[in-house]
Amino acid sequence: MSDTALPRHSSRGYSVRSLPGFAVIALFTIFALYAPILILVAYSFNAGNSLAIWEGFSLKWYAQAAQNSAVIDAAIRSLYLALSAAGVATVAATMAALATTRTRRFPGKTMIYALINQPLMVPEIVTAVALLIVFAWIKVATGYTSMIYLIAAHTAFCVPFAYLPIRARLETMDYTLETAARDLYATPMQVFMRVTLPQMWPGIIAGMMLAFVISMDDVVITEFVKSAGQETIPTYMLGQLRRVVTPEVNAISTVILAAGAILVSLFFWLSRERR
Amino acid sequence: MPETPAPASATADAPVPGGLIRGELERELEQTDNRTRWLLSLPAILIILFFAAAPLLVMVVYSFLTPGDYGNVKWIFSTEGWVNVILQRDIFDDTLIWADAHLSIFWRSVKLSIVTTLLTLIFGVPTAWFVATRPKGKREFWLFLVTVPFWTNLLVRTIAIQELIRAEGVINNLLMALHIVDQPIQMMFTDFAIGFGMTYVYLPLMVLPVYAAVDKLDFRLVEAAHDLYAGRWTAFRRVILPMIKPGIIAGSILVFIPCLGAYVTPRVLGGGKNLMFGNLIELQFGAGRNWPLGAALSFTLMAIVMVALIYYVRLTSREEKTDV
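Which chain is which? The protein sequence lines are A and B, in order.
One point on numbering: in full-length UniProt numbering, the residue at position 169 of the first sequence is 169, and numbering is uninterrupted.
One point on numbering: in full-length UniProt numbering, the residue at position 170 of the second sequence is 170, and numbering is uninterrupted.
Because the hints were derived from the structure by calculation, they are not lab data.
Keep in mind that a hint or two might mislead.
[Said to hold, decoys possible] Quick list of simulated restraints, FRET-style, between CB atoms: (1) E171/A - R289/B: 46 to 54 Å; (2) Y185/A - M306/B: 49 to 57 Å; (3) I122/B - K139/A: 41 to 49 Å; (4) A101/B - A35/A: 34 to 42 Å.
All residues carry an ideal CB built from backbone N, CA and C; glycine is no exception.
The following block holds chain B by itself, in its conformation from the complex (with noise of 0.2 Å):
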């Protein structure tokens, strides 16, 4: 267990027993306890070095070998996995072209994964502010009923969408035997279908950062902001947005990154046409047995996810800067 930096000790310039001077003997104390610490987080190092760092490292080797015939790979350096992650050889005379069809996929993560961050905003900051605005005895149940979704098995939660939005799921049930339409919508297997899912799974990862920022919020701002005769609409724009900023910011990126690799709801609402990003990879381990590939792609989205994440620091580090 850690212990406590030696105290600064009253024995200020007094010989310490066994001849070392006192700056030595602290020295010595704070490596002890330096060690101490590394040993403490060593098996939770371990256990992740191993089993989430380390992979990663194998995977970049193999993105630069050759695919094997029946999936694996032989090892013969090639670069064609990354060279296919954006092109592809026309079969007949070997010229590069642009990969049509993983272009599509990347755009298709892309715009769904805004769609659905902006989706969540639209609901979940409405949300986020209705809970946090509650009264102290209430707050805890409201926020409860948010929570509790968001700790609610994903799969069960995809599941429960597909049921509503099949063929003959709720909704199209709802509609026919209101006569709005005579025969069943296809809302599955659509973009829609993905994007829907999405936002109701992901939403509580909305809710619970703008909560947060509007459990902060200093309500006598908006008072004075109301007492110099700010509008309802000007005093939201200009003095609560400005200071739920952070919470918002937070809650985009908490969905836009998941959305970007999300497998399980392109899975099971997509289908075998509308792929997503982490579909597109699962493919090249199996029917499209290019494991190279597929490590490429994986580090594409690796890099993409990275991306916006330094921007997402950057963005709060100026926030910061300015909050002074």
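Isolated chain A, as found in the complex (with noise of 0.2 Å):
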């Protein structure tokens, strides 16, 4: 924080580094980002029902949570359809990021690269309406309504974010511990296994957290997509808003909220070991 590390211009009394103002409008930014979120976690500890008036601290509202079957229903699909989704996506980015990388330009390259970008290109709330379109079409004809459609869903929109992180791995990575092990007679196999997977296994971490992250956050889609009683922790919090408000769902907003700053630090911290 001290400007005074700076290196000073050496006629004028100040840094170059440092813009008059900018300091201040910065740390005031920085602190309002995280005061809401600060304020949700507090009154999570309310003793209260209320989110206005503090009553002293409690963890009534977890235990309430805990106990709520809907709640923990939708937090058992939650993690069910995000580590479904995000372990194929990752599977298959892994494999789209293994043949797009690291190469010439061959004939439909940005073609597939175009393709496995679609999803970032339309707005969310295209996507969800789309799908639910086609979906309700095989929902009549099959009769059939599984997690399938919401898995399927969540799969193609966090392939884009689990490719990003293993493409970024695969280029900083050259040919020439593969050549090595090539002369060395190791089988194709041998070299994918013992040489390639390993470099790029934080990019693939990486890309799973994120697609995980991205999948466990969605409303949008999965609020178009899910068939009756397939709530997830995220639209069960929508759906709740509708009605009186309690410090319940501030204690699962927390806990969502410690669960993805784990996530977020391991994701720094995998992607600080790269450099």
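Since each chain comes alone in its own frame, lean on the hints to assemble the complex.
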């Protein structure tokens, strides 16, 4: 924080790296980014029913959320969905990243790249209603409603998020180690399992975590694709907001925030290793 | 796994076993390589094709059908869905008039998206600058601090804003405790609430690209400007700003586009009256029971987003040209 550490311009009394007022706005902004979240967390420990009046510290809303079978079901469903979608998406993204990096231009490369990034270009609400149309049609035609629709939809928008870190990782690797392994008579399978995969592992983990977080957070597509009784944690919370809000919502939010913070820290740590 | 394209072999013109001449063998290897790459990409391509791209094509068809009585569609061709995007039929004499309700929602979406982009610029650029100019060891920490909110659940962050600005929320309680106001200010379910909420949730999208741009900035150039007697403002406007412009443009587009298609934030903070584009689309698939109109509206939104993206690409490619 100390601007004194910055080199000052020789003839002026200030550093060229500091701009007047910027530090004040920046510190205010960072404070403002955290204040609402911290208030939300604080009220999850409120003993009273209110989100306005502090009535003392208590864990009762956490206990209530933990005993609410709707919350538990939604949490399990969210985890199941995010793990399945992130798992499948990461495998597909890893294969696609291997095919589209470290290569000359080949016919269709741009097309594959554009297609993989397609879910990022289209507003989520548009994808959501398009899936609603198609899945409504399939559901009526087959009478089959299961989590498979949600898993398919989530997998699709998770692919680009899993793909980006894996691709970034691959681009930092060259072929020297693989060539050396081949020179030493390793079979293609051995080269991949013993040389390529261990090198790209941090990228794969980062990609999978990113996909997992994106899937866990998704409201819009889930809201439109889910069949009756397929609430996930975010859609459950969105539904709760229509009713009288109690600190139970804050308690669930706090758990999500804590889980998210752990994942982000891990993600940061993993991508730092790269450098 | 991908093979390296066969290195131009030392056996320049030597006949290759099997009676193939060199060029042919290379081409064959290249074709095998292409096939392998396509096969490897196939799972990802199929997943996205089936569950993201193809549904959009189906929706094109639906936008030209007739709405069913209880939602869904009747398979009768009609352009009414598209007409209804900006026009509506008078109930009595069937003449077409402007659909004021839709136009005001489009206007609100564009207006709030622009305001949000400007606000994130005002707060985001100094924040990015601040983080990027921290001494090496401390920078990671500050960067981490601005990145965490970006990864926290968007709905949770929206709920946090809701609890802040509700009638019995923290801000109103504070203002009343300080006797600045006697009655809580109605902030929920207004355009202000939506703009405030979107600024809050999308701010990190502005900070990160601008940070990347400031991080790459060569401060020797700023130093040089000062040596040549530029004041702080001149140095900022003539040297710094042109160099971090790509980051600012990228950040603006990253904020503007999700704002246009925002659904969760306006739904929670705007309520049932202050709709934005995304909520209008949802309405057609819910209570509105007009799927063709919903489909047509979706493509209208996509078209606006595409225009913004193309504008961005043209802007950045021109930047690159002037850089050279």
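- Task: Please test the hint of 49 to 57 Å on the beta carbon pair from Y185/A and M306/B.
- Result: 52 Å, holds
- If you check the beta carbons of A101/B and A35/A, does the distance land in 34 to 42 Å? 36 Å, holds
- Task: Could you say whether the range 46 to 54 Å given as a hint is met by the Cβ separation of E171/A and R289/B?
- Result: Taking Cβ atoms as reference, E171/A and R289/B lie about 49 Å apart, which means the hint holds.
- CB of I122/B to CB of K139/A, is that within 41 to 49 Å? 47 Å, holds
Going through the hint list in order, the structure satisfies each hint without exception.
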